[in-house]
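Each protein sequence line maps, in turn, to chains A and B.
All residue numbers for the first sequence refer to our numbering, where the first residue is 1 and numbers rise by one.
All residue numbers for the second sequence refer to our numbering, where the first residue is 112 and numbers rise by one.
No lab work stands behind these hints: they were computed from the structure.
We treat Cβ as the ideally placed atom computed from N, Cα and C, and that holds for glycine.
Please note that a few of the clues may not be correct.
[Stated by the list, open to error] Derived list of chain B stretches under chain A, where covered just means 3 residues or more per stretch with a C-beta under 8 Å from a C-beta of chain A:
#, region
1, 125-133
2, 138-150
3, 173-183
[Said to hold, decoys possible] Cβ pair distances, simulated, as ranges:
#, chain 1, residue 1, chain 2, residue 2, range
4, A, Pro85, B, Gly127, 40 to 50 Å
5, A, Gln41, B, Glu169, 23 to 33 Å
6, B, Ser135, A, Arg10, 29 to 39 Å
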Amino acid sequence: SAVISQKPSRDICQRGTSLTIQCQVDSQVTMMFWYRQQPGQSLTLIATANQGSEATYESGFVIDKFPISRPNLTFSTLTVSNMSPEDSSIYLCSVGDQAQYFGPGTRLLVL
Amino acid sequence: EDQVTQSPEALRLQEGESSSLNCSYTVSGLRGLFWYRQDPGKGPEFLFTLYSAGEEKEKERLKATLTKKESFLHITAPKPEDSATYLCAVQLSKTSYDKVIFGPGTSLSVIP
Numbered sequence: 001s002a003v004i005s006q007k008p009s010r011d012i013c014q015r016g017t018s019l020t021i022q023c024q025v026d027s028q029v030t031m032m033f034w035y036r037q038q039p040g041q042s043l044t045l046i047a048t049a050n051q052g053s054e055a056t057y058e059s060g061f062v063i064d065k066f067p068i069s070r071p072n073l074t075f076s077t078l079t080v081s082n083m084s085p086e087d088s089s090i091y092l093c094s095v096g097d098q099a100q101y102f103g104p105g106t107r108l109l110v111l
Numbered sequence: 112e113d114q115v116t117q118s119p120e121a122l123r124l125q126e127g128e129s130s131s132l133n134c135s136y137t138v139s140g141l142r143g144l145f146w147y148r149q150d151p152g153k154g155p156e157f158l159f160t161l162y163s164a165g166e167e168k169e170k171e172r173l174k175a176t177l178t179k180k181e182s183f184l185h186i187t188a189p190k191p192e193d194s195a196t197y198l199c200a201v202q203l204s205k206t207s208y209d210k211v212i213f214g215p216g217t218s219l220s221v222i223p
C-alpha cells in the first residue's frame with residue numbers, strides 16, 4: 001500500500017481567504033482522489049485528479065471553488081477558495097485502483 | 112440513484128459481546144465492496160475487499176461477507192481497541208475512473 005502525506009495537518013482560516021492542501025505519495029500513481037468529510041459525516045468525493053489532464057469534479061463541486069493541480073504522478077494540490085464556515089471539514093486525498101489508501105487528512109476550520 | 116446505507120448508526124458492545132454491522136447498497140453496477148476502519152482524527156484504514164456474492168474475508172476478530180444486496184462485518188469477541196467508525200464503500204463499474212461511494216458509517220464503542 002502507498003504511504004500518503006498531507007500538508008497542512010490542520011489550519012484555522014478567515015472567511016474569504018483560500019487554502020491550498022498538498023498531497024504527496026511515495027510511489028507513482030495514475031489517479032488521485034480528493035474527499036471531504038464534514039463533521040460527523042462520511043466521505044464525499046470532490047474530484048478525481050489524473051496527471052496531465054483536467055480534474056473530474058463530482059456533482060455539487062466546481063473548479064472555481066476547488067481548483068486542483070496534478071503536476072506529476074506523486075503529487076497533487078487542492079485549493080479551497082473564498083472560504084466560508086460551511087467549508088469547515090476534513091479534506092482527504094487517496095490513491096488506489098480498487099481499495100483506496102488515504103492520507104491522514106487536513107482539518108480545516110473557517111471562522 | 113446509487114446509494115450505500117449502514118446500520119446501526121452507533122453500536123455499544125461489552126467486551127467479548129459479538130455482533131454484526133450491516134451495509135446495504137443500491138447501485139447499477141458493483142465492481143467491489145470495501146470495508147474501512149476510521150479512528151478519530153485519522154484517515155480511513157483499509158480492511159477488506161469483496162467482489163462477489165458468497166465471498167468472505169477474515170482478519171483477526173473481523174469477518175466480512177457479501178450478498179447481492181448487502182455486506183456484513185461480523186465482530187467476534189470484540190476488545191476496546193476495536194472501537195472506531197467502520198465505513199463501507201462500493202466501487203461502481205459504470206464509470207471510467209473507479210468512483211467509490213461511501214456509506215455513513217457505524218460508530219462502534221466496545222466497553223471494557
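- Those earlier numbered hints the structure runs against, lowest number first: 1, 3
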